[in-house]
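Q: Residue numbers (my numbering), protein chains in the order written: chain A, 9 to 365; chain B, 9 to 365; chain C, 9 to 365.
There may be inaccurate statements among the hints.
Keeping only pairs whose Cα atoms sit at most 30 angstroms apart, straight-line, the calculated DSS-like set for lysine-lysine is [as the list claims (entries may be wrong)]:
id	chain 1	residue 1	chain 2	residue 2
1	A	Lys247	A	Lys12
2	A	Lys12	C	Lys306
3	B	Lys253	A	Lys247
4	A	Lys12	C	Lys191
Simulated DEER-style distance windows between Cβ atoms [claimed, not checked]:
id	chain 1	residue 1	chain 2	residue 2	range
5	B	Ser186	C	Tyr108	30 to 40 angstroms
6	A	Leu337	B	Lys338	52 to 62 angstroms
7	B	Arg62	C	Val93	52 to 62 angstroms
8	A	Ser201	C	Asp333	39 to 49 angstroms
9	C	Asp342	B	Ala332	34 to 44 angstroms
10	B	Lys338	C	Asp333	53 to 63 angstroms
11	C	Ala332	B	Lys338	36 to 46 angstroms
12	B	Gly314	C	Ser248	35 to 45 angstroms
13	A	Ser201	B	Glu194	50 to 60 angstroms
14	B	Gln129	A	Ser63	37 to 47 angstroms
Derived coverage of chain B by chain C (criterion: at least 3 residues anywhere in the stretch with Cβ under 8 angstroms from a Cβ of chain C; other residues may be distant) [said to hold, decoys possible]:
id	region
15	35-41
16	54-65
17	193-202
18	208-215
19	263-276
None of these hints come from the bench; they were simulated from the model.
Beta carbons: idealized from backbone N, C-alpha and C, even for Gly.
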Amino acid sequence: MAIKTNPGNYFEDFRTGAQLVHAVPRTITEGDCALYIALTGDRYPLHCSAEYARSLGFQRETVNDLLVFHVVFGKTVNDVSLNAVANLGYAGLRFLAPVYPGDTLRSVSEVLGKKENASGQNGIVWVRTAGTNQRNEKVLEYCRWVMVNKRDAATPTGANDRPDVPAEVTPDALVVPSSLDMKRYEAWPSGGSAFFEDYSIGERIDHIDGMTIEEAEHAIATRLYQNTAKVHFDGHAAKSTRFGKRLIYGGHVISLARALAFNGLENALAILAWNGGTHSNPSFAGDTLYAYSEVLAKAELPGRPGLGALRMRMVAVKNADPVADAIPLKVEKDGKSSYHPNVVLDLDLWLLMPKRS
Amino acid sequence: MAIKTNPGNYFEDFRTGAQLVHAVPRTITEGDCALYIALTGDRYPLHCSAEYARSLGFQRETVNDLLVFHVVFGKTVNDVSLNAVANLGYAGLRFLAPVYPGDTLRSVSEVLGKKENASGQNGIVWVRTAGTNQRNEKVLEYCRWVMVNKRDAATPTGANDRPDVPAEVTPDALVVPSSLDMKRYEAWPSGGSAFFEDYSIGERIDHIDGMTIEEAEHAIATRLYQNTAKVHFDGHAAKSTRFGKRLIYGGHVISLARALAFNGLENALAILAWNGGTHSNPSFAGDTLYAYSEVLAKAELPGRPGLGALRMRMVAVKNADPVADAIPLKVEKDGKSSYHPNVVLDLDLWLLMPKRS
Amino acid sequence: MAIKTNPGNYFEDFRTGAQLVHAVPRTITEGDCALYIALTGDRYPLHCSAEYARSLGFQRETVNDLLVFHVVFGKTVNDVSLNAVANLGYAGLRFLAPVYPGDTLRSVSEVLGKKENASGQNGIVWVRTAGTNQRNEKVLEYCRWVMVNKRDAATPTGANDRPDVPAEVTPDALVVPSSLDMKRYEAWPSGGSAFFEDYSIGERIDHIDGMTIEEAEHAIATRLYQNTAKVHFDGHAAKSTRFGKRLIYGGHVISLARALAFNGLENALAILAWNGGTHSNPSFAGDTLYAYSEVLAKAELPGRPGLGALRMRMVAVKNADPVADAIPLKVEKDGKSSYHPNVVLDLDLWLLMPKRS
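Just chain A, with the same shape it has in the complex (with noise of 0.2 angstroms):
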């Protein structure tokens, strides 16, 4: 009799070019969207009011861009990360259209290449990741790359076939939604009163409010979007782990500093792309999360005279207020640079901002 649980992925079992079609579609519904708020605190009214979608050319309420990449990314765990020692990276993530309540989506994997390290305990691989609603239209593509372990140490495999991935979304492919209509936004639903004009390449945002995360509430989370990593759930095998203790999906860090960030962003109507992204320190149960922003860039989109986008890097700090704690990004040490030990993820994103005029 053949095993019939599934062990993951080996970096010997993925082939350059091959296909993973990733099991269980997933109809996203009011529930999800609920669960959402109450989880991660989210407020942007584009999710959260069916009038003011509507308002905006939208059918209805859409689904928090978040939650979609969440769902679409924990089906890919079972195939892509099962056996991964390590998430290193995103590239050239874009969102491509919106998802509304009862719409089911899928995601597929391309194995874009993998190299194996030179210990030759593991490698790296990397996928472009798809996630495509039920009329098979993309509503989601990312490249990602993670270390993964060898099923066999001793056996060297040459693998050696590095991609290019994206270095950025660049403005002209980001997609902003058709049914975007701004002729009658207004500001009070979001109740900010900054604009695309009003922020400037360099400012900072700090975005004030903490957010503690408590062990039952990352992993309901996690589980919504049935990402099946084994770091987030099991406890008893946790005790044995460098930790000792269970890992907070990655995920959920950027929801909530994405939640927090309302803050000061509140009339950014959705996360059109990620240039790039670093889970830069683990996050556990008790662990208060804080966030602010820098403003990279600003783009002009053209044919979307009333909107603009910013290029923003999203910081998360635990257990410590950046402004009041003065926690760098960065801290130096035996002349080597890495992220300050609270600084817990790094995320370089485009936000899609309204014009004031």
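Using the hints provided, position chains B and C relative to the given structure of chain A.
A: This is chains B and C only, laid out in the frame that chain A set:
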């Protein structure tokens, strides 16, 4: 560059007569209702069963009154009480129309008056808040007053316009849903055997059951309501407060007490109004709540022969069984009467109760 | 004034042949289904994807069998087991029709018999419970027996009518949803590669993954099901019990085991029946569950050529990896065989499994 994050209004920022249009309109969904049941244990069948609700003339199951309250209230925090020292009271709260899943709620408050305290550190602000649906129909209104910090304690404002707030909601002001039709009323869906006639003024009903509150539970509930009060979420900052930990949103205590009160008040169809209420002591994660109710008054509802209104004092007690441990509502100390330290809620409300005949 | 709160039925209160119409009919919504996924990690695609469900002839995604069970069961607690000392067993449980979001469930139980224990302190009560939808179609039925305290231990009742309960559900009594159409069945949505033919009698499948349960999680789940058993909620009272803490609802353990069993039984379309089951040891917050399954029998389903039924023993083990730590099902002590203290569930069930051909 102007500061873009909202630090909340200080005492000086309120102007009597001003209208505060609160951000983040919210479509209440089936997801919110399911979460409300899961977080509170609510069992009133009007909010659980579409069939039962239709048998009474409603379109479908209605949104729990208190979920409506929490959502309407949650929106006001950012403008009214982000810098509040204390929530002092409620008055004249009335539920005015049923809310259904799919309805979109917004909140607007009017500043009724303000009065600086003798200390000069802070003052009291009175507001009247209305919650409206997408047809601009009022579904809820209430007065609330809070003690708010001054931005500048050294400069007196001279504010001294304390408004009148209603001492009670008189029975003629109670609004019974016009669609409610008692012709097909049955008791089995609630399981209760007591009706309007069976409750006597002065009678006390001990609701027996206890409910322990976990940190994740109150935080999930309070985020669901998009209530942004920092004291419920930021465990890191809470370490430096006098409690050393996070506070539970007082509204969660009200919801739990109301859910516990199902045992003994099963046939109560709705909360019609609050005459007033006090969060008499704080609650924290790990606390177990018990509840009891006292019948304060009974009122006929003209034109609604099958229904009456019960005025009830609903009391929540923590970490002690109110009966077995004989917890009094108030205690005398140094000639002063104050709430027993285990009493966390004293709410005076009107319930809609079917008549036996 | 009569006591208005429900103290639950005592042994003396049950009358053989009596019908108990349980309170609180419940419309199952998308919100309940999302919460079920978030609380259990369930991934069976029939409950996740409207598209997949439609491809198999269903109207849309169906409500998870176990969510149906928990809701139907939850309603019975108030009348059947509020004063129960122990849940002794289940028999003859069958799922009879699919439930969809929007359906309204109610429960009715018949008292099958009762038998006083020799001690005189308590006795066993047998009930048969049926869950029905808004069209009065049975969706679930099962027998259950519980040990219930007597109100008056000093007065013997002489009750001694132990009923027959089915020792098993024979294959001819299994109900396959009539709408299920396998013509368009595909395996990618489940991700599983094993079918009916691939499972051998006697084979054991270790489901590998572990799931830690937090206090908030089981309490949220159990409130969602409106199960009112005090032992799950009242942490204050629990301090005085022999465990000193709250017990986890045994049904939550079943749900977690079933969700863990997705890894190795991905194609299983539904639970058709339970032959019997035992909550062999209690579970508490902080426990980590693992699960394994053994194939007890295989049965053809006449008239349903693409499908077969697998009779499985599903075992849940806590705080120990059943394989690595070699946890036996039972241990001998003083010449008596009893469940290993880490074994918390032993459930004998029939699964509906597609055939390869």
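Q: Against each hint, give a clear statement of whether it holds in the structure.
A: Each hint, compared with the structure:
no. : hint                                    : result
1   : A/Lys247 - A/Lys12                      : 27 angstroms, holds
2   : A/Lys12 - C/Lys306                      : 17 angstroms, holds
3   : B/Lys253 - A/Lys247                     : 27 angstroms, holds
4   : A/Lys12 - C/Lys191                      : 24 angstroms, holds
5   : B/Ser186 - C/Tyr108: 30 to 40 angstroms : 32 angstroms, holds
6   : A/Leu337 - B/Lys338: 52 to 62 angstroms : 54 angstroms, holds
7   : B/Arg62 - C/Val93: 52 to 62 angstroms   : 40 angstroms, violated
8   : A/Ser201 - C/Asp333: 39 to 49 angstroms : 59 angstroms, violated
9   : C/Asp342 - B/Ala332: 34 to 44 angstroms : 39 angstroms, holds
10  : B/Lys338 - C/Asp333: 53 to 63 angstroms : 56 angstroms, holds
11  : C/Ala332 - B/Lys338: 36 to 46 angstroms : 59 angstroms, violated
12  : B/Gly314 - C/Ser248: 35 to 45 angstroms : 44 angstroms, holds
13  : A/Ser201 - B/Glu194: 50 to 60 angstroms : 53 angstroms, holds
14  : B/Gln129 - A/Ser63: 37 to 47 angstroms  : 42 angstroms, holds
15  : 35-41                                   : holds (count 5)
16  : 54-65                                   : holds (count 5)
17  : 193-202                                 : holds (count 7)
18  : 208-215                                 : holds (count 5)
19  : 263-276                                 : holds (count 4)
Hints 7, 8, 11 from the earlier list are contradicted by this structure; the remaining hints agree with it.
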